[in-house]
Amino acid sequence: MARAALPRRLSWQLARVVELVDETSRTQSIVLEPPEWPGHRAGQHVDVRLTAEDGYQAERSYSIASAPEDDHLVLTVERLDDGEVSPYLAGELRPGDELELRGPIGGYFVWEAQLGGPLLLLAGGSGIVPLRAMLRHRAATGSTIAARLLYSSKSLADVIYRNELESLAADDEVDVRFTLTREQPEGWRGYRGRIDEELLRDIAWPPEERPLVYICGPTAFVEVAASVLVQLGHDAGRIKTERFGPTGR
Amino acid sequence: MDALDGNAIAGLLFDVFGAEMTTATGVCGSCGASAVFAELTVYPRAPGTVARCRSCETVLMVFVARSEIVCADLRGLARFEPVS
Numbered sequence: 007m008a009r010a011a012l013p014r015r016l017s018w019q020l021a022r023v024v025e026l027v028d029e030t031s032r033t034q035s036i037v038l039e040p041p042e043w044p045g046h047r048a049g050q051h052v053d054v055r056l057t058a059e060d061g062y063q064a065e066r067s068y069s070i071a072s073a074p075e076d077d078h079l080v081l082t083v084e085r086l087d088d089g090e091v092s093p094y095l096a097g098e099l100r101p102g103d104e105l106e107l108r109g110p111i112g113g114y115f116v117w118e119a120q121l122g123g124p125l126l127l128l129a130g131g132s133g134i135v136p137l138r139a140m141l142r143h144r145a146a147t148g149s150t151i152a153a154r155l156l157y158s159s160k161s162l163a164d165v166i167y168r169n170e171l172e173s174l175a176a177d178d179e180v181d182v183r184f185t186l187t188r189e190q191p192e193g194w195r196g197y198r199g200r201i202d203e204e205l206l207r208d209i210a211w212p213p214e215e216r217p218l219v220y221i222c223g224p225t226a227f228v229e230v231a232a233s234v235l236v237q238l239g240h241d242a243g244r245i246k247t248e249r250f251g252p253t254g255r
Numbered sequence: 558m559d560a561l562d563g564n565a566i567a568g569l570l571f572d573v574f575g576a577e578m579t580t581a582t583g584v585c586g587s588c589g590a591s592a593v594f595a596e597l598t599v600y601p602r603a604p605g606t607v608a609r610c611r612s613c614e615t616v617l618m619v620f621v622a623r624s625e626i627v628c629a630d631l632r633g634l635a636r637f638e639p640v641s
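Those protein sequences? They're chains H and P, same order as listed. Under this note's numbering, the first residue of the first sequence is numbered 7, with each subsequent residue one higher. Under this note's numbering, the first residue of the second sequence is numbered 558, with each subsequent residue one higher.
Just to be clear, a hint being listed does not mean it is correct.
Claimed, not checked - One side only, chain P facing chain H, incomplete, derived with CB under 10 Å: (1) GLY563; (2) ALA565; (3) ALA567; (4) GLY568; (5) SER591; (6) ALA595; (7) PRO604; (8) ALA622; (9) LEU631.
Calculated from the structure, these hints are not laboratory results. Glycine included, C-beta positions come from ideal geometry on N, C-alpha and C.
Assemble the whole structure, with the sequences as input and the hints as a guide.
This is the structure:
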């Protein structure tokens with residue numbers, strides 16, 4: 007196709023907000039309809055730009071929460087109380103508003119069904135967002151690749167997409183496990199505490215199975231998870247990481 | 558301040574290089590470590606955006622944006638190989 011052969015510029019466009027979905031008390035999904043969307047790969051981002059009346063602009067990068075196969079482009083944004091952009095996105099934005107964005111962006115932290123597996127996904131907090139896109143993509147393509155997700159949250163109330171993740175786990179080849187680091191409900195049967203070697207030994211396949219690993223979360227979470235997996239003998243070349251922090255998303 | 562990584566500046570890198578660059582490989586001019594740009598340590602709110610070598614912390618790239626113009630200083634990179 008001639009169009010694809012041209013050098014691509016990332017141009018900004020105004021996407022219409024179709025719907026807002028509360029995921030947790032601090033996170034909201036923004037369902038968007040961009041006028042031109044070339045399609046994306048699970049794990050990619052968009053840049054979002056807000057412009058104040060005086061012309062001041064603030065830009066942030068957000069992971070895409072939807073699968074390429076989904077009808078709409080979805081972002082899930084965590085509201086940071088001292089944030090510059092997120093309180094607007096996850097508080098003031100309304101259906102029918104327009105949001106300036108560009109993308110899809112990024113080619114590293116990406117999983118497509120043809121990359122194979124087994125797929126080991128490790129999420130800390132809102133790091134679940136791009137991994138959810140990967141799991142949705144896996145389901146939408148009818149893939150039979152084995153997938154395991156370990157999702158670390160402060161408490162059960164902070165778990166984003168909980169119902170959806172539990173229904174994805176109805177697939178025999180999908181194993182979803184939670185660890186709650188600060189607060190566990192009575193009778194909690196999942197893991198407790200932060201990610202560590204014991205937890206990773208339990209959840210990760212043995213290195214000989216050569217899982218393809220995607221780790222997304224706060225910097226400290228990513229560093230611990232990636233270094234423990236390498237110590238356990240996993241190939242660093244099959245571990246992909248994405249860090250975010252209060253300054254970024 | 559929490560450091561991020563090169564994934565967070567994929568859009569900025571695209572602006573500067575005109576291509577998807579998170580999977581490009583950069584070689585540190587100081588310690589010789591080779592890493593994809595996605596794995597560099599990134600401080601997005603330093604004066605400008607600073608990307609450092611994850612192995613030795615040498616400053617590899619500094620970007621400063623004003624309106625639509627981005628100044629890029631690739632001071633610490635020995636070389637880089639774009640995505641083929």
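Worksheet item: Which hints, by number, does the structure contradict?
Response: 5, 7 and 9
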